[in-house]
Amino acid sequence: MNPYPMFRRRDFLTTMSALPWLPGLLQGAPLLRKSNRSLIVLWMDGGMSHIDTFDGKPEARPDIRGELVARESSLEGVFVSEHLPRISGIMDQCALVRSITSTEGNHGRGSHYMLTGRRPSPLLEYPSIGSVLTPEQLGNSNPIPSYVAIPDAHPYAKQGFLPLTRGPFEVGGDPSKGDFRVRNMAASPQAQRALSLLQTVDALDGKPRSESEQARDRFLSQARFMSLSPEARELFDLSSEKSETRKRYGRKLLGQSALLARRLVEGGVRTVLVRYKGWDHHQGIARALTYGFPPKLEALDQAVSALHEDLTQRGLDDRVTVLLASEFGRTPRINPRGGRDHWGRASSALLFGGGLKRGVVVGKTDANGEALVERPVTPADLFSTVLAALGADLEHVLHTPDGRPSRIVVESAKPVHEILQG
Amino acid sequence: MCRAWVIAAAFAVPLVAGAGEPKPFHFAHDISPLLIKQGCASAECHGAATGQAGFKLSLFAMKPDADYAALTQDLDGRRIDLAKPEASLLLRKATRQTKHEGGRIFKKGSADYESLLGWIRRGVAFTESEPGRLAKLRLEPRDGGFAAVAEFRLAKRTVTRDVTRLTVFSSTDEAVALVHDNGSVTRRAPGEAWVIARYAGRNARAIIRESFNEGPPDMAPSTQPLDVAWLAGLESLGLKPDAEADASLLARRLHIDLVGRPPTPGELDAFLALPPAKRLAKTADQLMRSEEFAQVFSGHYRRWLELPEARGEKDFEKPRNTKLRRYLLETVRQNKPLPQLARDILGSGEASGFVSRHNDPRDRAEYVGRTLLGMSIGCARCHDHPMDRWQQREHLAFSAYFADARPNPDGGMMAGKLFLPGTGKAVQPALLQLNPAAPPAPQHRPGDELAWSILDGGHDQFGRNVANRFFGILVGKHLVDAPDDHRLSNPAIHGALLDALVREFGHTGGDPRKLIRAIVTSRVYALASEPRAGHALAMDPAARYLARREARPLTPAQFKRAVEWVIGDALPHESPPESLLARQLYVLNSGLIQDGLVKPGNSVAAIGDFVSEPTQQLRALFRLVLSRDPKPSEAESFLPALEKQGAAGLGDLAFALMAGREFGSLR
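Residue numbers (numbering that gives the first Met the number 0), protein chains in the order written: chain U, 0 to 421; chain C, 0 to 666.
In short, the hints are calculated from the structure, not lab data.
As the structure is a prediction and not an experimental result, all values here were calculated from the model.
Glycine is no exception: its CB is placed at the ideal position from the N, C-alpha and C atoms.
Please note that the accuracy of each hint is not assured.
[Claimed, not checked] Quick partial rundown of chain U residues pointing at chain C, CB under 10 Å, derived from the structure:
| id | residue |
| --- | --- |
| 1 | Gly171 |
| 2 | Val181 |
| 3 | Leu219 |
| 4 | Gly337 |
Could you build the full structure based on these sequences and the hints that come with them?
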C-alpha cells in the first residue's frame with residue numbers, strides 16, 4: 000500500500016530535486032524563511048590535524064612539519080597535504096578558514112563549542128546546528144526527517160535544550176556495507192498487514208491528549224512513509240546510484256556517507272551530518288593518516304572532491320552548503336610517540352557551496368602553525384558564518400524549556416564576511 | 000473580569016522617611032543600583048570582563064568599592080568634574096552630549112540625572128552622613144503595581160525609603176503579568192506570576208493572581224492535607240479540576256508508576272474488586288513491597304543521584320558504580336528513610352562514593368547542592384549573579400568542605416584544604432547559610448556538621464527537594480520545574496501543595512513509601528487526562544496549574560517492559576531509541592512486538608487457544624494489552640475480523656494495539 004499516492008516510483012528520480020514535499024519540508028522554519036539551502040556537515044571526529052591537511056608548513060622544522068609533504072594548492076598561498084591532491088585541485092573553488100581558535104581542548108567541550116556555537120555550560124546543553132535548522136513545528140507536510148545523521152550523531156550534535164522532536168534522525172548503519180539499511184526502516188510484514196488496523200485503533204482512541212501524543216502521531220506518519228513508500232526507500236538506497244559515482248566518492252564509510260548525504264539534501268533534507276571518527280592521532284600520525292583501509296586522507300580527498308564535483312554537476316552548488324570541520328587542530332610539534340595532541344588554539348575548516356565565495360582563504364597561523372597571526376575566528380563565528388551562508392536570520396531567538404530566551408548565535412559572534420557572498 | 004490580588008506578606012509599616020532628617024546615603028545604596036537598573040553594569044556594557052571603551056564596572060555592580068574607584072579615580076578622576084559637575088564625563092556620556100556607544104541612557108534633568116549630579120555636587124562621597132544598614136526590602140501595592148520599600152537601620156532609628164526608582168523588577172511569567180521599570184503591572188492573562196524586585200543585593204517578591212473564573216470545584220471536600228492544599232490553590236485561581244480518571248486507568252497508571260509495567264488481568268480484577276476509597280492505597284502498599292518496585296525506584300534514585308547506568312563490560316568505573324547501584328537497590332528494598340540516605344551520602348561509608356566520584360571539591364559541593372538541596376550553586380563558581388542567592392565566596396567556602404582529607408605527620412588524617420588556584424591560599428570552609436537565623440549546630444562534631452546543616456539547620460530545603468522530585472516522578476510534572484534549581488525566581492507552580500507535601504514528608508520522618516502513598520492517594524494523582532475543549536494542548540492552563548493531568552509517553556524502558564509483560568516473556572531486543580522518528584520505526588519494524596507474538600505459548604496466543612468466543616477473546620485481549628474493556632465502537636470494528644481470521648486476526652490486532660497511541664502513553 001502506498002499511503003502517499005501522489006508519489007510514484009517511476010517519477011521519483013527525475014523529480015528528486017523538485018519533490019512535491021520539498022516546499023513543505025523547507026518551510027515551517029522561521030529561521031530560514033527566505034532560503035531553501037541545505038547543509039552538509041562533514042564532521043572529522045577526534046580532532047583533525049590542521050598542519051597535516053589544510054595548513055601545511057613545508058618550511059618548518061621536521062618535528063613541526065611532520066613526515067607528510069604539503070604543496071601549494073590551486074589557491075595561492077595555501078599549502079595542502081600532498082595526500083589530498085584532488086582537494087588541492089579544487090581549493091580555488093572553496094573557502095578556507097585557517098584561523099579557527101577555540102578555548103576548549105577537550106573532545107567533549109571542543110565538539111560542543113563547534114557543533115552548537117556555544118561554549119559548554121554546566122546549566123544548559125545547547126542545540127546543534129542541525130537541530131537549530133529543523134522546523135519548530137512538525138507539520139503533515141514533513142514526511143521525511145529534516146535533520147539526518149550518518150551513521151549516527153555526535154552526542155553534541157543533538158537537540159540540546161530544544162524538544163526531542165527537533166533531534167537528529169540517525170540512520171544507524173554504515174552506508175558502504177552491502178547490507179546497509181536504515182535501522183528499522185524495512186517494513187515488517189506484520190506492520191504492513193496491520194497498518195489499517197493501527198489506523199483504526201488510533202482513530203477510535205479519538206484525538207491526541209497531549210503534545211507528546213500529538214508528536215507521536217506525526218512521527219508515526221513519518222515512520223509509515225519512510226518504511227512503506229518506495230520513494231523514501233529509494234532516497235536512502237545507494238544502489239540506484241551509478242557504480243562510477245559510488246566509486247568516485249570512495250567505497251568506504253566516508254565516501255558512501257557523503258554520497259548518501261547528497262541524495263538526502265537533494266530529496267529535501269535540511270541538514271545532514273556525516274560523522275567520520277578516528278582522527279584522534281596521539282601516536283604515529285603520519286602512518287595513521289596514510290595507511291589503512293582506506294587511508295584517512297585518501298578517503299577524505301575522494302569524498303570531498305567527489306561531493307564538490309557532484310553538487311556542481313547537478314546544479315546544486317548554490318542550494319547546498321558544505322562544511323568540513325573538527326573539534327580542534329592538533330599540536331604543531333610531533334610528540335615522542337610520533338603523534339600530535341589536542342590543539343584548540345588553531346585549526347582549519349573548509350567550506351564550499353551555497354552562499355559562499357570561491358577561492359578565498361581567511362586567517363593565517365604563524366610559521367609553526369601554533370598561534371594565529373591574522374583574523375582569529377572563534378567556533379561561534381564559524382557557526383554564525385554557516386548560518387549566514389544558509390540565509391538564516393541570525394537574530395532568531397530560541398527558548399529554553401523554562402522560557403529563557405537564547406539567541407541562535409551568541410551575541411559576540413560575527414560571521415566571517417570575507418567568505419560570504421554579498 | 001474579577002481580579003484577585005494577593006500580596007505575599009502583610010505590611011504594617013507606613014511609608015515615611017523621617018522628615019527633615021538627613022537622608023542616609025551610601026554609594027552601594029544610591030549609585031550602584033542605578034548602574035544596574037540602567038544596564039551600565041551589564042555583561043554587554045561596562046560590566047564585561049574587560050569593561051567597555053576603557054571604563055570597567057563590576058558585573059551587575061556587585062563590587063561597590065571597585066566601581067567607586069572606577070568612577071572617581073580611574074583616568075585621574077576625569078569622569079567626575081567637581082568644579083563643574085554638569086561637565087562630568089559620566090553625565091555627558093550618559094546623556095549623550097559626548098559620543099557614547101551605548102546611546103543616551105537618560106535625559107538631562109531626569110531623576111537619575113539629578114541624583115548623580117547631586118552626588119557630584121556634594122563631593123562624590125562613598126558614604127554621607129550616617130549610611131545605615133539595609134535591613135529589608137519589601138513590596139507594597141500601589142496603583143495596581145508595586146512600590147519597593149527599603150528599610151535602613153541607623154544607630155538610633157529605622158528609616159524607610161521608597162526605592163522603586165532604583166529597583167529592578169521582573170516577572171516570573173510575562174505571559175501572565177508584565178512588570179514595568181516603575182513597578183506598575185500590566186496583567187495579560189489569567190494565571191499566577193511572581194513579581195521579583197531587586198535592590199542593592201536584596202530581593203523581595205509578591206504574587207499576582209488573575210482568576211480563570213471557572214467557578215468553585217464541583218468535588219466533594221476532602222480532609223486529606225494534600226487535597227485541601229491542592230483544591231485551595233485551584234480555587235484561588237478560579238480553576239475547576241477535572242473529574243477523576245476511571246478505575247481501570249488508575250490501575251494502569253499506578254502499576255506503570257510503581258512497578259514499571261501494566262497490571263495483569265488478574266491484578267486489574269483485584270484492583271477493581273477493592274472498595275473505591277481503598278483501591279489506590281491498598282494496591283500501592285502491596286506493590287511497594289515487591290522486588291519490581293525496588294528495581295524501578297532504584298532507577299529513579301540513580302537518576303536523582305546522577306549515577307550512570309551500567310554500560311556493560313566496557314564500564315571502567317564499574318566496581319565503584321556497581322557497588323553504588325547495589326547500595327541504592329538495597330536502600331529501596333529496606334525502605335531506608337531519605338534523611339538517612341542523605342546522611343550515608345555525606346558520611347564516610349560506602350555511599351560516600353556518590354560524592355567522591357567527583358574529583359574537584361567544587362564539583363562535589365555543586366553535586367550535593369543539586370541532588371540533596373535541589374539548588375544550583377554552580378552559577379556562582381565563576382562570578383556572582385544578581386538573582387542568585389549564592390555568591391562566589393560562599394561557593395568556594397562550601398566547596399572547601401569537600402576537599403580530600405590528607406595524612407598528617409603523626410600518621411593520622413587531617414581535614415582537607417582547598418587552595419585557590421591564583422593565590423595558593425587555603426580557603427576557610429563554611430557551610431551554606433540556608434537559614435541565617437538558625438541556631439548553630441547542636442554538637443560541634445565535624446563529621447555531623449555538614450549533614451546537620453543540610454538536613455536540619457532550621458530549614459526544610461532537603462524535604463522540599465525530595466518531595467518535589469517524588470511528585471515529579473509520580474505525576475510527571477515537577478512542582479518546581481528544574482528540580483535542581485529551587486530559587487526565589489523559580490517558584491513552585493503550586494506552592495501550597497508543595498508546602499503540604501513537605502509537611503507530610505516531615506511527619507513521616509522522610510519515609511519514602513509513606514511519601515509515595517500520600518502522593519498516589521491524593522486527588523491530583525487520580526485526575527483524568529482528557530484535554531479540555533477549546534484549548535490547544537500546549538496551552539491548556541488546566542494542565543499547567545494541575546487541574547488536569549497530562550498524558551506523557553512511556554519511557555523507552557517502560558515501553559519495552561510493557562510489551563514483554565503483554566507477551567508474558569522476556570525479549571532479547573534492545574530498548575527503543577530516544578529519537579521520536581526512530582522510536583516509531585522501532586515500534587513498527589524492530590521485531591520486538593512481532594517476535595513476541597510468534598513466541599510459543601505467549602499470552603496473546605493463549606487467548607486464541609483457551610478462549611473460544613470472539614467477543615470474549617476481544618475482551619481478554621483489551622484487558623491484557625490496555626487494561627480495560629473494549630468500547631462498543633471498538634467491538635464493532637474489530638469483531639468481524641476476529642471472527643473471520645481467528646488466531647492471525649488476534650495477532651494482528653494485538654500488534655496494532657501495542658503500536659497504538661494509547662499503549663505508548665502513560666495517561
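Hints versus structure:
1. With its C-beta approaching chain C no nearer than about 7 Å, Gly171(U) sits inside the 10 Å limit, and its interface hint holds.
2. For the restraint placing Val181(U) at the interface with chain C, the shortest Cβ-Cβ distance is roughly 8 Å, inside the 10 Å limit, so the hint holds.
3. This hint holds: Leu219(U) has a C-beta 5 Å from the nearest C-beta of chain C, less than the 10 Å allowed.
4. At its closest, the beta carbon of Gly337(U) sits 26 Å from a beta carbon of chain C; the interface hint therefore is violated under the 10 Å criterion.
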